[in-house]
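2 protein chains.
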Amino acid sequence: MAVTRTLARYIVQSRHEEIPADVRHEAARALLNWCGCAIGASRHETVNNMLAAVLPFAGEPQAQILGRSERVDILHAALVNGVSSHVFDFDDTHARAIHPSAPVYPALLALCEWKGISGADLVHAFVVGVEAECRVGLSVFPEHYMIGWHITGTAGVFGAAAAAGKLLELSEQQMTWALGIAATQSSGLREMFGSMCKSLHPGRAAQNGLNAALLAANNFTSSEQGIEAKRGFAQVMSTKFDPEVITAEWGKRWELSSNMYKPFACGLVVQGTIDGCIQLRNEHQLTPEMIASVELKVSPIVFELTAKENPQTGLEGKFSVFHAAAVALRFGRAGEAEFSDAGVLDSATVALRKKVRIERDESIGRVQSHVYIRLRDGRTLERRIEHALGTLERPMSDADLENKFLGLADGILARERADEIIRLCWAVETLPDAGVIARAAAAA
Amino acid sequence: MAVTRTLARYIVQSRHEEIPADVRHEAARALLNWCGCAIGASRHETVNNMLAAVLPFAGEPQAQILGRSERVDILHAALVNGVSSHVFDFDDTHARAIHPSAPVYPALLALCEWKGISGADLVHAFVVGVEAECRVGLSVFPEHYMIGWHITGTAGVFGAAAAAGKLLELSEQQMTWALGIAATQSSGLREMFGSMCKSLHPGRAAQNGLNAALLAANNFTSSEQGIEAKRGFAQVMSTKFDPEVITAEWGKRWELSSNMYKPFACGLVVQGTIDGCIQLRNEHQLTPEMIASVELKVSPIVFELTAKENPQTGLEGKFSVFHAAAVALRFGRAGEAEFSDAGVLDSATVALRKKVRIERDESIGRVQSHVYIRLRDGRTLERRIEHALGTLERPMSDADLENKFLGLADGILARERADEIIRLCWAVETLPDAGVIARAAAAA
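Residue numbers (my numbering), protein chains in the order written: chain A, 605 to 1048; chain B, 605 to 1048.
As a list, the in silico BS3-like pairs of lysine-lysine whose alpha-carbon atoms are at most 27 Å apart:
1. A/LYS844 to B/LYS844
2. A/LYS959 to A/LYS901
3. A/LYS834 to B/LYS834
4. B/LYS834 to A/LYS844
5. B/LYS901 to B/LYS912
Hint data in this document are derived by calculation from the structure and do not stem from the laboratory.
All chains should be built: construct the whole structure from the sequences, respecting the hints.
Structure representation (structure tokens):
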């Protein structure tokens, strides 16, 4: 099967009116979440170092670096915004494997700014881009990932190429080339996890995918079987290849419907504990003084990954279920601020987390939790979390996403600017020029 | 063994005075050959299409696109000059696998122009870059190539990163990161052969390698075992990995000494025939009118690949041993001009190639040939070529390289400019600012 060409044809022939309203709304939710992640990490050392390296070579100020004052050419905007949106590991996650937004939205938003493209077209291109990257990724998953490829980079480049190619109105032939040019730039090793290069992967995927679409628009040719050929992407980079996955149920199954958003700025296995603590805090107006002790029944994996009792840095705090429970009970949230270096050393938080004990329970799933709180007045509160907030079974509400965004933008953009971006994201399909979102995310 | 760090240390500690004079002269030969290839293909459709795609995003005019008038930022100069120098498949070839110059010289020459770096430093950086890319490539070769990776791209990025990092005077720690950033961007599929993407590979390797060095110079971190780790370059991208190859005999064995230059603008298996024809032509002052018939004894592979009797385009001409023999006898050369569309349709050339017959001979090796010429005056001439010009056994002379360069530059740069570049390349180690070479290659 000529799956590269078939996928190209599906992308080119896709029409906006075929996308269901709930899928288009999911694109708006992903956009708001993605913007928050990019803005929130925009002053991180990873982004600072990258900008110091590349700004001397940037072109015309065509597109905004979110959360900062710099404007650069669209290729560099795609790179830097792709990096920043993944730095906190707080961006969205497809239920099976890839982070869909970080490679795609940076390419698209930059193109929108440069060309004045509408929000409806942006949403449409994003939806087909997510289809392309998830389907190509899933066609070689999980073997491809197990070999050592960081699939957000390796498959993400297809998403960026497909989505940018859609905005550039490529022909079927050009889209076939764009996917091939993406295939031959597919890269990103899992060995880089823990270094700044992890975020480089979606950034370079966004930039290279955008570049692939621009090259194809100018008739720069590639193989026409870039995905499926004997020496193409799938067979060279995986031991498994199921091409049917790429085309099956096109237009019926929407990968974006399997998208998840993390409510809390730490690992998946701690999300349930935080969720339970926040629920009890809010329902009983708990303050730290009221709390005598906290007991958590957690899955064995929590012991393995996040049993750090006395974290000393923000990063260590993300691997401390004790700290996570304490900030959840004290502040009712667990965003980047609560996992900052200062946040983990705060004496009131330290005092509260010393009251937390954990108990291994084989019956508790990896994203589940069971929280017991004993109050000084003798009462006992408890909450079992079957599905943590942010899973497909219990998605974050639009209001949850707004609060997450506000937490990320806090201290970087003025509150009115943050509110304006929220408004623009919900109304994205009505915007004549979606670039307005990026410009609203410029720092003073 | 921590081979990434060891390689980084070797590169950082390398000193110019340790490079033997013949290796440094080979760097000058490679530079002249590389410049010619880049200039010669600078107006090719591949380069035109790429420039149309990327010029709107280029930055300050820091570096020259060879053979053209445009000046762009160094990252784009590295990309475009890397592409153009590989378009004709006329660039240098290491005896075992990689095209060494196309990923490395574009990055270095752009850096020299931007920073005003000396020719001695350029030569030194090139030599260590070639060591890095050839040794990393050979550590996974041939399995890596057989899987489907285009090693000029996948290993070339290490060469560009190492060489650019040397010019940027990276610390050992930074060089280790630069190699890791290169590793995680390593890409390029052999499936792309026959399309414009084949040339994209060394171009992107040059650009990404240069970018890796710039990022590392600004303390952008990567894994410190980018090459050897379980999920690093070698184990993910090959079934064979011999880390010893990377470090063995460092400073004693010089990979650049195994570099070869193609004298004629066509496939390897035809080089011997052209060589023999030119020798007989020059020794006997042959003109087409003197020739009654030509008989070539050739290896079976010549029948398989290049037995096209009546080519109609320049590209077909490259796969016609008949055409190759005819132009060699008529013009005493076989450069890009002789393999142009007009060149293969020229009536005098067509008449001469009709006099050529070929005969299969199992005893003739793939780069050997045996030429018989029967003259109208009854004489018979013959020449057996054991080692075609350009092989390690019979390298092109400096004068041969000058003639090749002049042929490539003809019609693009004025003759005085071409002569000036030849002079600058031979004197490269005396240049206070090697960027003068790139500026001399600017078209009016």
